[in-house]
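Keeping their order, the protein sequence lines are chains A and B. Just add 1425 to the spot in the first sequence (first one is 1) and you have this note's numbering. Just add 102 to the spot in the second sequence (first one is 1) and you have this note's numbering.
Simulated crosslink set (DSSO-like; lysine-lysine; CA at most 27 Å straight-line):
| # | chain 1 | residue 1 | chain 2 | residue 2 |
| --- | --- | --- | --- | --- |
| 1 | A | 1786 | B | 281 |
| 2 | A | 1988 | B | 281 |
| 3 | A | 1438 | A | 1498 |
| 4 | A | 1873 | B | 212 |
| 5 | B | 389 | A | 1712 |
| 6 | B | 118 | B | 136 |
| 7 | B | 382 | A | 1786 |
| 8 | A | 1427 | B | 361 |
Some residues of chain A that are not near chain B, with every Cβ distance over 10 Å (derived):
| # | residue |
| --- | --- |
| 9 | 1509 |
| 10 | 1516 |
| 11 | 1745 |
| 12 | 2052 |
Cβ-Cβ distance ranges computed for the label pairs, FRET-style:
| # | chain 1 | residue 1 | chain 2 | residue 2 | range |
| --- | --- | --- | --- | --- | --- |
| 13 | B | 108 | A | 2021 | 31 to 39 Å |
| 14 | A | 2008 | B | 168 | 23 to 31 Å |
| 15 | A | 2029 | B | 155 | 45 to 53 Å |
| 16 | A | 1957 | B | 107 | 53 to 61 Å |
| 17 | A | 1648 | B | 412 | 36 to 44 Å |
| 18 | A | 1916 | B | 385 | 48 to 56 Å |
| 19 | A | 1725 | B | 385 | 27 to 35 Å |
| 20 | B | 199 | A | 2023 | 32 to 40 Å |
| 21 | B | 199 | A | 1957 | 30 to 38 Å |
| 22 | B | 420 | A | 1795 | 30 to 38 Å |
Keep in mind the hints are simulated off the structure, nothing from the lab. Backbone N, C-alpha and C fix where the C-beta goes; we use that ideal spot for every residue, glycine too.
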Amino acid sequence: MKVQYSYLKNFLKTNLSQLKLADIFTQVGFECEIEGSLIEFDITPNRGDALSLRGLEREFLAYQSKKSFKNLKIFSLDSQKNKSIINKVDDAGCGNYHLLLIKDLRKIKQLDSKKRNFLINAGVPLIHPLVDLGNYVMFEMGAPMHVFDLEKLSLPINVVFPSSNKTSLRVIGGDIKDIQPSSLTIQDQSGIQAIAGIIGAEESSVSKETKNIAVEAAFFKPNKIVNQARKYGLATDASHRFERGVDPEIQKLAIERYLFLLNEIAEYDSSELYAAQTKANKKKKVKLNIERFNKFSGINLKPNQVIKILKSLGFNSTSKDTSNLLFDIPSHRFDISLEEDLYEELLRCYGYDNIPISKPKPGPILASKPKTALADLRAAFVYSGFKELMHMPFVSNKSFESLNSNSWTPAQLKNPINEHEPLLRGSLFKSLFSAVNINVKKGYIAIKAFEVGNVFFKSKSSFKQELHLSGIIYHHETPTSWSNRKFSYDFYSLKAEMLNLLKTAGVQEFHFKQTSSCTPFNKNALEIFEGKTKIGVFGEVDLTLTEKLIKKPAFGFEIYPEKISFLAKQNKMKSTSKFPLSAKDMNIIVNKSHTYSEIENTLTKGKIRHLSSFNLVNTYEGKDIEAGFISMTLRFIFQSNTKSLTDSEINDSMKKAFQLLERGLKAKIRS
Amino acid sequence: MQIPQDLIETATLKLKSVQSEAEFFQLRSQYLGKKSFIISAFSKLRDLDPQSKASAAKELNILKSKLTKLFEDSLASIESIGEHDQLDVTLPADPYLIGSEHPITKISQKVIDYFIPLNYQIFSGNEIETDFYNFEALNFPENHPARQMHDTFYLNSNSKSEYLLRTHTSNTQIHSMLKEDMPLYMLSPGRVYRCDSDTTHLPMFTQIEGLVVDEDVTFGDLKGIIIDFLENFFNEKMEVRFRPSYFPFTEPSAEVDIKFGNQGWLEILGCGMVHPNVLKGCNVDTKKYRGFAFGMGIERLAMLYYGVSDIRDFYSSNLDFLNQFPS
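This is chain A alone, in the form it adopts within the complex (with noise of 0.2 Å):
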């Protein structure tokens, strides 16, 4: 709510500066920001009573602990139910309605120039004086009213929600509405001249001619008005305070405080006052324990100052037991209903600020929990060259399908911000592959990136999140350099830095698994296995996956941190040999439909005594090798644990895995 500073400062009689006024009601708990001449008052959604000049007033004078305000001058009016002016009032989303009939208007001028200079600023066009008095009265008390042209309607007024599904409304400024069936509306008897709390008809509104008015006054109940507005694509001043709440009490005040303001403007006949649903509300009450509350706060007020500080506010204690006070909640503190609340106002009037500090307490010490891979994985990365990256979530249908490797379900949005991308992510490629383009366009030719964040799909009628860890590896000429080293990468590098960095984050125990394709890699990939879990994989990028993002080789994985069981156990130390080892080197020859993981294998389940370990270490296709075939060279380490290894053991080791893989892959050896 913008208010003139000049206008306020006259209202609350104070000659305070605009920013020592911005500062007071910040500090209780209504943020202001100075705009030139304006004051703009953020006020939250549970404070709708202080929407309103008076409203602010309130919580000016408490703040100086002075007493209640002198009220406004008003011309006194009673009120008369008459079912011929107002017949059907429905409860449910109403709490009372008053209508002023004023008659043979005439001589009407302008607000004063203060009065129009106020709305302005507040951001309310005039409109007509007869209106914009009713603005006027909204922004000074807080309830909103709405001017009809009297001889447009056909009385009675019925208060209720609408009976056909199927109606429209021509509302004021011309746009055509469909009515919804949850608006409470104010219907004549020829339909629908306002939507209840909201906006008024065009037809039954004021105008140059208008000789004779209604002036409604009503209290809609906010859980009726909420999020109605927004329905028909209007915010108004009216839908604001409603939906927040208004006092309920003060409908009759705002009517006749409009008569005395109309006497100021204009000359009439005659002014009759109707009124239906005016049942007395019941007084609310809410008790305070001193104790309790001092405990509550870590603070020590006395009863006397409890009651001092409230009743600035305007809640009356009625209680002599001074440990229990019971207070009277006035009606425009619709927000106040537990003892809590209380406890708010107490503590907002003191001051949070001169609330006394506690040092921090720790929490129970608890048992420790099971580290998560994702921290130590992290680090590793970052220590290997790989910047983190994040990205928004949301994708296209196209992204999402093309990196749907579980043929998942996406979740999608009723509302996304963005139309062609209404799917929330299911790998964390697409924002990759781009982040990798932007930068090769920036001129780099080295990234390492990587980035942490939850995937997401639907399942059956519910939704699950997967947290992912992917990376991209675009690493292409090799930067000018001195030395004439070249730095390529490949899929082999790949390998090397999963496997450097799965186990520098001590990731134990896990293997490869060949795969055929796992998008978006091609078929050059592995799986990553723990076990019989598969916690990630890797290999080279699919390019046509990339959406022309990625134009050269790139390669990349998917880690999925939360399958990782990272107990991070310490395997039981082993003795290490105090023997000398001794490498010897096999040269053999084998058919290439033989992968090197069947050599491996044969090696291991062989059982080669003495053999501490093995290595690939060449290879070797083309002149003197036959078409199909490739020459390996094989280091074999020999090591025991109790002795130095003869040369004859070492030989008959050496001749056992020639035969396991002449059997078993039929290799031979390379003279």
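Keeping the supplied structure of chain A fixed, place chain B upon it in accordance with the hints.
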């Protein structure tokens, strides 16, 4: 006695592949140590008849002196390993990449690091949540105007429950209060979503919320931990202001402002005493326990901490931007 003829040959060969002094001495002990063939052969001489003994002894002595000489000679060359020509060590290094955590990860971790020694447990929770955990259990009744403050992303679902992207990490507090024993000291970091996008708002951002439920918790405790945290975080004495505000799940509620640089008061986090309806809804005995909660936006903290002016930079993948946050 049979004396192997290729002893010198194999020793020569093996010496060629020696890379370090350690390897050298290991090899020497293999050929000339107590358990070596030569030395054990000498001790076996006494079993031979005098003639064979003399010729074997002679042969062994020649072999031993040849081996000794061989090892002495190669020790010299071993010792020269490591002696190289002086390089121009000032030439540039081979190309390398510097990894780093995302600034949002760093700031989140910095926040978490303050609370871990105070025994706060960490729970991350679900980003897709039901209306119940995101609003209802947090004392946002249906149609409550506060639900409009959060313009919420809703999901298409055929379930009775309304599913949405959580608008705060407070949903995790509800799950934790229902599951964990009291007293509870917890922190819930994670991503949250609002249907909102401009230069100062993103549809997704990161939040960390804290919750304490314990006996005798006071508003003064809440103030104490917030001020201490902020001073630790910014590593300086801070001017901190608490002012009344409104959140449906706390009563009283406060916004916390800090004086930062010469920018005047800046809103930095929201907090309050947990609303009794929230505690009751989570089956917490409100006669025994009270609670306080606080929540902060990590992007906002990061913007202040690093002096970033456009929140969108964090999610731009721009390496020029990210390179400014070394690990």
